[in-house]
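Number of protein chains: 2
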Amino acid sequence: MLFELEAVLEFSNDVSGKKEIEELMESVNKELFKRGAPKGKEEEASKLKEWSTEGNKLKVRITSGRYVRAPDALLRLRSQLNLLGGKIKAGVRRVEIRRLEVKEVELGREPSEEVRVAFYVDRIDVKGDKADIKFSPSIPIDVIEAGGVDRIIELIIEKVERQAYEGKEEVKRLLWESKEKEVFFDKDPSAELEKMNWIRRTHSKGQFVYGRNFTSIVNAVKEILVEHLYKPLGFREMLFPKFEPWDVPKRSGHAKSIYPDAYYVMVPKVSNPKEWEEAMDYFRITGEIHKEGIMKKVEPVGILSYAQCPPFWQFLEGKVVREESLPIKIYDWSGPTYRNEAGGTQGIARVEEFHRAETLFIGSPAQVREIAKKVEDRLTFILDKLLELEIKKYSVVPWWMAQEGEKKMSDKEDEGIGTVDFEAYLPYKGERKRSEWLEIQNVSVIGEKYPKAFSVKSTGGELWSGCAGGSFERWICAFLSQKGFEKKNWPDEIGRRVKLEEEVKFA
Amino acid sequence: MLFELEAVLEFSNDVSGKKEIEELMESVNKELFKRGAPKGKEEEASKLKEWSTEGNKLKVRITSGRYVRAPDALLRLRSQLNLLGGKIKAGVRRVEIRRLEVKEVELGREPSEEVRVAFYVDRIDVKGDKADIKFSPSIPIDVIEAGGVDRIIELIIEKVERQAYEGKEEVKRLLWESKEKEVFFDKDPSAELEKMNWIRRTHSKGQFVYGRNFTSIVNAVKEILVEHLYKPLGFREMLFPKFEPWDVPKRSGHAKSIYPDAYYVMVPKVSNPKEWEEAMDYFRITGEIHKEGIMKKVEPVGILSYAQCPPFWQFLEGKVVREESLPIKIYDWSGPTYRNEAGGTQGIARVEEFHRAETLFIGSPAQVREIAKKVEDRLTFILDKLLELEIKKYSVVPWWMAQEGEKKMSDKEDEGIGTVDFEAYLPYKGERKRSEWLEIQNVSVIGEKYPKAFSVKSTGGELWSGCAGGSFERWICAFLSQKGFEKKNWPDEIGRRVKLEEEVKFA
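So the sequence lines, in the order shown, correspond to chains A and B. So the mapping is simple: our numbering equals the position in the first sequence, first residue as 1, plus 1415. So the mapping is simple: our numbering equals the position in the second sequence, first residue as 1, plus 1415.
To be clear, the hints were calculated from the coordinates, so they are not data collected in a lab. Treat the hints with care, as some may be off.
It does not matter which identical chain is used: a pair holds within one copy or between any two.
Below, computed lysine-lysine pairings styled on DSBU-like, alpha-carbon distance capped at 35 Å [stated by the list, open to error]:
#1 K1665 / K1596
#2 K1502 / K1462
#3 K1620 / K1920
#4 K1454 / K1545
#5 K1867 / K1807
#6 K1914 / K1864
#7 K1518 / K1689
#8 K1823 / K1789
#9 K1474 / K1620
#10 K1822 / K1637
#11 K1711 / K1665
Here chain A stands alone, though its shape is the one from the complex:
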């Protein structure tokens, strides 16, 4: 990897012929540009190849390999020049990149299609498994300060890596399967639920209003979770926010790739009703919403919660948790979360507004691994023995990686990091062996990702987290698909908790 950089530093005053500058420029290759390069790799550090002054401008050309890269050298140089300030009676007012190229970037594999970056990159020339990157001269210095050049290089490497996974089958490994269970139904329960008026579609895609009987089943599932999972394992309920300000997806990593799948939230830039008279008048006159007018008067402030646990982390953000408070074991079902399903919705098997019990645990790596195992065992017991569902368990691509666009298994599986998915058989989809089963629940050991992202530490050393999530819509879809609507075919554990009544009748 070879960096070539040409830049102009513009001063607040004439600097031509200043001997302090000359002294500095003569010395940088010995010390300033070498500092921090690993032993034996000093040759890869930056070198000042040329420099000249003209009026208030200093032109430089810097090259480097991998260590103390040319953009970093440029920033160091600027700092040193500013330290001369008093002596040369001038400060650096502006830095302009004239040319920035990185050659022979190792991509790890040959790209299968063109690679592009939407910002600050003019060209990417690929030769085999290497690329030459030509940056835009317009790349702002504050992007460089924030590490943008390295990020762009990483992004390109990652895009090439992803090409290799794209279109590939889902990666998963069967861990366990329940016995075959007796099946009492062979229809799509969603259609049945709609026919019976137990649920009704709204004007929005993938959204339902759930009636009293469906809600009674939801509450039965909740009760079972409390009695057989949360109480015995000592979990406590909390209320997690359901709107996520940008800080949350920025820290959780969802901001890397959630965009096509998100529900966005906007609020008025100005709340003065006078400012909104246009939209009000428009509706009063036409009976329609003035969408263009709204778009001009709102700003995007975040997204509706997608993975449910990320907004919790604001509870601990920036804190050091005392070891005696660990492990933290909590759950939340205080509201729906949202996904824009590009692939289309499907009854209650794939909705856009869904209701989930989210289970979260935080502690030392050993604590988190142990709790995850117990949660998995309890969930297996509930699904297999209490609800008597036919299920399988798989080791899958961890959800937090999938939601950041990754399609491969965790490379820390040997430390216990990863996700277990529960899939349930849907008889209406066809034969057991050939049909698509429904993912209804997962349990994960996430590792240090969230504590790190939200700057949470423990007085007891390394801090990990894990979580488990499953939507009531999917649990009930699986349950009704296998057991049907006749209560006599339901296991007592759920049957005795559900109160069925006549739904509202329509003429």
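Starting from the known structure of chain A, arrange chain B on it as the hints suggest.
For chain B alone, coordinates are given in the frame of chain A:
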């Protein structure tokens, strides 16, 4: 009220000299323009004052009073002309308004400031309590077809009426007050809750993460509501949607004025990840959200639920409910609702994301009035006797009117329509008599508004609805403000249900 209208009807062919047109134009003042005018008011109906043809154009001038208004006469004329189609070998292709004025519109009072309408109105000239309205010639014919002219006139009258209420004190009438209760605390409980880590602010305005102890109090309140309100009165739980597609605020009337107070929801216009690569790359490079890019790629699809009950109505929309299913008695606490608080947030006393038990009942007017009374009595019992709170009840401006911008009491109070508010004393705000109390709960008889708006009918005749709502945040704010944090000062009804534990400790 006098309408003056000049318009040009453009035909698909030359119509000059057609005798069929002449015959029609000679007859309209006798029949077509008079039809439907009330007996004795025929003089107020439209009159064709002038007409002429030139090539494919027919120019008309129509005047009218209040009945069969000139714009309606124009539409009738167009229909009749199109019926001639076969005979004159031409159809009306376009209607262009040349001039439309309405004079002497009675405003009900003299405006206190200028009145403006953002669309289709060029001028409003006010003389005393009357106005002359000059419409824009660009007003589209489909706005006229949809009744836009009448809506604009109504809107102007309403704007003048509102000027009279603006800035006035809240209208309310004391109905009842509890005995003075012993007070154990004089601080702001929100500050206390934050200090104890029971709740923590998020990165968003007026939003908190609620910890285990606060959530335990929330659950205690829920249990009390179930045991002492919902179960005895036969209410059943449902899950109401929490995102409201535009159809909901359009029907509920919130679209009239909710704009400055709403949280808006947008979804991607296109879900293909390739379309979103720009936003993804931007975050990867800069660590920031590409807000401008997002704004270009999303469309506004609705709002986050504000009043909680409106989205329920999609469950019944367009249906005729069988009388035997009435009354319908339901409640929902399946997720938070949202308000953009222009006036600022205030601890848990005024949050933007809040959690509410919403109570809804639907039936005949007699049923709804009776249930509302029972719900009010039960809530009074719970707040006054079980939680031992010091409260007052007021008759207030109904919330659905307030949320549409009205500031006056219902004019159907004698039919039982209206809202009762419960206010609680907050000792930290000062003396009982002088300080501002907190509105924590309301109960309303709404009347026919919602069934009508969502086209819901009953086989048993008139259909009404009523509702009751109160946020847990405010109930608990009132409770902790009066009772403090020492459990020994709490009534047993709540104390025995709440499990307090050490919250997470920070180093």
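>> Of all the hints numbered above, which does this structure not satisfy? Sort the numbers upward.
In response: 1, 9
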